[in-house]
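Q: Position chains B and C against the provided structure of chain A, taking the given hints into account.
Residue numbers (the UniProt record's numbering), protein chains in the order written: chain A, 1 to 357; chain B, 1 to 258; chain C, 1 to 333.
In case anyone wonders, no lab produced these hints; they're calculated from the structure. Predicted, not measured: the structure shown is a model, and the values here were computed from it. Glycine included, each C-beta is placed from N, C-alpha and C at the ideal position. Any given hint could be a false lead.
[What the hints assert, rightly or not] Example chain C residues on the side facing chain A (calculated, C-beta under 8 Å, incomplete):
{"id": "1", "residue": "47"}
{"id": "2", "residue": "57"}
{"id": "3", "residue": "60"}
{"id": "4", "residue": "121"}
{"id": "5", "residue": "139"}
{"id": "6", "residue": "142"}
{"id": "7", "residue": "148"}
{"id": "8", "residue": "157"}
{"id": "9", "residue": "226"}
{"id": "10", "residue": "282"}
{"id": "11", "residue": "319"}
[To be verified] Okay, derived cross-link-like pairs now, DSSO-like style, lysine-lysine, Cα gap no bigger than 27 Å in a straight line:
{"id": "12", "chain 1": "B", "residue 1": "65", "chain 2": "B", "residue 2": "230"}
{"id": "13", "chain 1": "A", "residue 1": "130", "chain 2": "C", "residue 2": "288"}
{"id": "14", "chain 1": "C", "residue 1": "125", "chain 2": "A", "residue 2": "351"}
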Amino acid sequence: MSTTTPTAPAARAATPDTLRAARLPRWANPLLALGSVAAAVGIGLGAGLHSRVQWGLIAALLFVVGAYVLASVVEGKRQAKDRFATSMVWVTFLLAVIPLASLIWETVERGSKVFSPYFLSHSMGVVADKDPGGGINHAIVGTLQQVALASLIAVPIGLLTAIYLVEYGRGKLAKAVTFFVDVMTGIPSIVAGLFVLSFWILILGFDFSGWAGAMALSILMMPVVVRSTEEMLKLVPNELREASLALGVPKWRTILKVVLPTAIGGITTGVMLAVARIAGETAPVLLLVWVNPFINNNPFEGAQGSLPLYIYQQYAAGSEASYDRAWAAALTLIGFIMILNLAARGIARWKAPKSGR
Amino acid sequence: MAKRIDVSGLSAYYGSHKAIDDISMTVEPRSVTAFIGPSGCGKSTFLRTLNRMHEVTPGGRVEGKVLLDGDDLYASGIDPVNVRRTVGMVFQRPNPFPTMSIFDNVAAGLRLNGSYKKAELNEIVEKSLKGANLWNEVKDRLNKPGSGLSGGQQQRLCIARAIAVEPQVLLMDEPCSALDPISTLAIEDLIGELKERFTIVIVTHNMQQAARVSDRTAFFNLSAVGQPGKLVEIDETERIFSNPSVQATEDYISGRFG
Amino acid sequence: MDISTKTATAPPPPPATTEKKRATSGATRPGDRIFLGLSRGSGIVLLVIMAAIAAFLTYRAALALSDNTGNFLTTFEWDATAVPPKFGIAVLAFGTVVSSIIALVIAVPVAVGIALFISHYAPRKLASPIAYVIDLLAAVPSIVYGLWGAIVVAPNLTGLYSWLDTTLGWTGVFEYQGGAPRSLMTVGILLAIMILPIITNVSREVFLQAPKMHEEAALALGATRWEVIRMSVLPFGRSGIISASMLGLGRALGETIAVATVLSPNFLIGASLLDPGGGTFAQNIASKFNEASEYGRDALIASGLVLFLITLLVNGAARMIIARRKEYSGANA
Numbered sequence: 001m002s003t004t005t006p007t008a009p010a011a012r013a014a015t016p017d018t019l020r021a022a023r024l025p026r027w028a029n030p031l032l033a034l035g036s037v038a039a040a041v042g043i044g045l046g047a048g049l050h051s052r053v054q055w056g057l058i059a060a061l062l063f064v065v066g067a068y069v070l071a072s073v074v075e076g077k078r079q080a081k082d083r084f085a086t087s088m089v090w091v092t093f094l095l096a097v098i099p100l101a102s103l104i105w106e107t108v109e110r111g112s113k114v115f116s117p118y119f120l121s122h123s124m125g126v127v128a129d130k131d132p133g134g135g136i137n138h139a140i141v142g143t144l145q146q147v148a149l150a151s152l153i154a155v156p157i158g159l160l161t162a163i164y165l166v167e168y169g170r171g172k173l174a175k176a177v178t179f180f181v182d183v184m185t186g187i188p189s190i191v192a193g194l195f196v197l198s199f200w201i202l203i204l205g206f207d208f209s210g211w212a213g214a215m216a217l218s219i220l221m222m223p224v225v226v227r228s229t230e231e232m233l234k235l236v237p238n239e240l241r242e243a244s245l246a247l248g249v250p251k252w253r254t255i256l257k258v259v260l261p262t263a264i265g266g267i268t269t270g271v272m273l274a275v276a277r278i279a280g281e282t283a284p285v286l287l288l289v290w291v292n293p294f295i296n297n298n299p300f301e302g303a304q305g306s307l308p309l310y311i312y313q314q315y316a317a318g319s320e321a322s323y324d325r326a327w328a329a330a331l332t333l334i335g336f337i338m339i340l341n342l343a344a345r346g347i348a349r350w351k352a353p354k355s356g357r
Numbered sequence: 001m002a003k004r005i006d007v008s009g010l011s012a013y014y015g016s017h018k019a020i021d022d023i024s025m026t027v028e029p030r031s032v033t034a035f036i037g038p039s040g041c042g043k044s045t046f047l048r049t050l051n052r053m054h055e056v057t058p059g060g061r062v063e064g065k066v067l068l069d070g071d072d073l074y075a076s077g078i079d080p081v082n083v084r085r086t087v088g089m090v091f092q093r094p095n096p097f098p099t100m101s102i103f104d105n106v107a108a109g110l111r112l113n114g115s116y117k118k119a120e121l122n123e124i125v126e127k128s129l130k131g132a133n134l135w136n137e138v139k140d141r142l143n144k145p146g147s148g149l150s151g152g153q154q155q156r157l158c159i160a161r162a163i164a165v166e167p168q169v170l171l172m173d174e175p176c177s178a179l180d181p182i183s184t185l186a187i188e189d190l191i192g193e194l195k196e197r198f199t200i201v202i203v204t205h206n207m208q209q210a211a212r213v214s215d216r217t218a219f220f221n222l223s224a225v226g227q228p229g230k231l232v233e234i235d236e237t238e239r240i241f242s243n244p245s246v247q248a249t250e251d252y253i254s255g256r257f258g
Numbered sequence: 001m002d003i004s005t006k007t008a009t010a011p012p013p014p015p016a017t018t019e020k021k022r023a024t025s026g027a028t029r030p031g032d033r034i035f036l037g038l039s040r041g042s043g044i045v046l047l048v049i050m051a052a053i054a055a056f057l058t059y060r061a062a063l064a065l066s067d068n069t070g071n072f073l074t075t076f077e078w079d080a081t082a083v084p085p086k087f088g089i090a091v092l093a094f095g096t097v098v099s100s101i102i103a104l105v106i107a108v109p110v111a112v113g114i115a116l117f118i119s120h121y122a123p124r125k126l127a128s129p130i131a132y133v134i135d136l137l138a139a140v141p142s143i144v145y146g147l148w149g150a151i152v153v154a155p156n157l158t159g160l161y162s163w164l165d166t167t168l169g170w171t172g173v174f175e176y177q178g179g180a181p182r183s184l185m186t187v188g189i190l191l192a193i194m195i196l197p198i199i200t201n202v203s204r205e206v207f208l209q210a211p212k213m214h215e216e217a218a219l220a221l222g223a224t225r226w227e228v229i230r231m232s233v234l235p236f237g238r239s240g241i242i243s244a245s246m247l248g249l250g251r252a253l254g255e256t257i258a259v260a261t262v263l264s265p266n267f268l269i270g271a272s273l274l275d276p277g278g279g280t281f282a283q284n285i286a287s288k289f290n291e292a293s294e295y296g297r298d299a300l301i302a303s304g305l306v307l308f309l310i311t312l313l314v315n316g317a318a319r320m321i322i323a324r325r326k327e328y329s330g331a332n333a
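Just chain A, with the same shape it has in the complex:
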């Protein structure tokens, strides 16, 4: 406050004698941003810094400091703090967008090199890791089967649990289930893999298979399905339930015929997002499905391929050709997950319950 003149304690509390305050012009911020980027590029080139990351950090730093200094000179300390906070918040946002943009850009650019119908329709059966050629057909088959099996286990259990929690749940059991569903959301995927490993393979003595992987994936999927279904069921207005019950419809038929159909859009969205989440899981697959470069159409017997695991293996193989394949597989996986995501959101919007308005 440049306007208050502290003469006596009593006068200190007086309001500023003017409502005006010196303000930076509107163009100050964009100009400053441009200037900091230019300066950062200059410094980067001058000092011979190779990494763009550094350029970005320098630019951000210059901008934040510049905004603070400029504002404290022109507008005063409080406004300067406010500007500082604003520019920090903007910088954090850019910090989040940059990695996402870089990741998608690199995946598309490097992945499109060997991505082709051939790549999608052939396996790695007769191709050595260091040689070019080959494809991901076996991995796609494996991932689709494993995810489908996992969904077959997780969706019914998840749905019914959510119904229990929302429609029936009271008392200690419901509280315990709610708490452990939350805790289950946080189980590391490798732990789920170790669990199935310990009882299915080490104790019961079964072999590695797609089914074993699917069991671990279903453990990761269940809490996600429960949570999203719960949210959706809670959105169904109580009046609907009461209207149906008052007509003498039994509760279970009310749930099946009234509650679930009302929420079905949201539930589908939740399930698709859960599928998208487990489709990219590598750790449990690594422990339970093993690796198979050939197409194996039977998930219950023998090792299978898997898309995320394929990326890991091709990366580990460490040759130029295998890197290309890793990126192309990453592109396929991201594409698959993004399509699922978009479709899920589309369904959510299309089937959104029209609330009373």
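A: Relative to chain A, chains B and C alone:
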């Protein structure tokens, strides 16, 4: 200390919806001006244009002039932060900061505006709490959270918080609508005392309250739902309640509509 | 829900079933009983799975630990296949904790910033696309993060690390000898990006719930936007930020494949965060699994059990804080 407010040609919008249309009026210093009118007539919106709080709501926008002793609040180069410090506000629901003690609540505005010595701060907080007729009730528990007080006490705490920064004008947006009759009476008495020092504008749904506390009363109305609110008339409170010059005012006051 | 169960029993039930009527469930018809049984059974299945995870991991871990000649907590080696076996988690615990802390230190301020950006700074039209971008960040599989981290990010960090070495190298912590920086620091940075969405989303929810009336109170006192946030939004959201960070921590602690891809592990605790080396629980399991014997797998399961318990504690604590917060804010709403 208190300042005069001259409003001319003021309209306020929410996005493309016009909430109030072309309002002009004068608010005299050291007096209480009450805004009355049916729900949705824009009296609260208008109140919030007087300290530039309206533009805080998403899509909120204002046209026209509000002169505070000749300074236009909406002129370029005016800092809304300074405006809000000069024109204090008390809200419908008491809203002391829940994480702060009673003392810190009153001192919150002061602390924004520079550093004070502990003794100075004590003096101003005591003065403000006394000004809000709350000192005797809370002097032994200044370090307890403000949310532990009763509704009426909380609202007086909010008034103390607002007057601690010595504003020129005090805006009150239905300050008693969430309170019981006894607390309401305490606030109304307080308003009578505060007008010695501040220009006070109060929005109220309660016509008896307007008649009891205000010197001048403005009646707002809207021609239909969805239409912008307009100022029907503003006059001495006595005249508005005994012999208003517009028929609509009389209808509203006598309870024939609204 | 109370009302609906009461009305469920409202249609006059046949006299034969009234004696069996239970006040809690209202399930009197066979259809109702079957359906309730199924849904309650599913809930129980979930609890059984959680218990089974703990039980089976503990059992296999006990098998491994009984033959271990090293101290499981303090040994700096992992020779589970040697005869006699000798392994310990000291290095893994160090690496896991250090990389997760780096991730939190980077991610929490950024996430809180983005959450504030979405809730209080961004123009309204921008807010939901931005939230969507954050969701996309969460949808990217960790193996793709790993691939990107190892091939794109790590080489780009050499410059920054050399600079850190010249300016802060004397501390020892920031010593950097050059070469591919597949180190705990790089892992921490990558983990920070990966846990950003969950911290952002939880904090954003909390910030959006901050009562408007307290923000207006601060504004009316003549507070700037930042002062409004400091006076009314952050105090309200503090516990939310804490639990969000703990959820993020849980993710970072258990992340497997991204770490395994980026880190070039050795079984040493080095002072430098920038030089390659170190290891984490999850990464060690993934890297050592292929060549491990059955006994070696049990040893890995033992380390997995420790990871399970740690994440259980962290997540449980986070959920407790959230639950307590809900009660608190519910009472004040």
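Q: Each hint should be assessed against the structure and marked as holding or not.
A: Do the hints match the structure? See the list:
no., hint, verdict
1, 47, "holds (6 Å)"
2, 57, "holds (6 Å)"
3, 60, "holds (4 Å)"
4, 121, "holds (5 Å)"
5, 139, "holds (5 Å)"
6, 142, "holds (7 Å)"
7, 148, "holds (5 Å)"
8, 157, "holds (7 Å)"
9, 226, "holds (4 Å)"
10, 282, "holds (5 Å)"
11, 319, "holds (5 Å)"
12, B:65 x B:230, "holds (16 Å)"
13, A:130 x C:288, "holds (23 Å)"
14, C:125 x A:351, "holds (23 Å)"
Going through the hint list in order, the structure satisfies each hint without exception.
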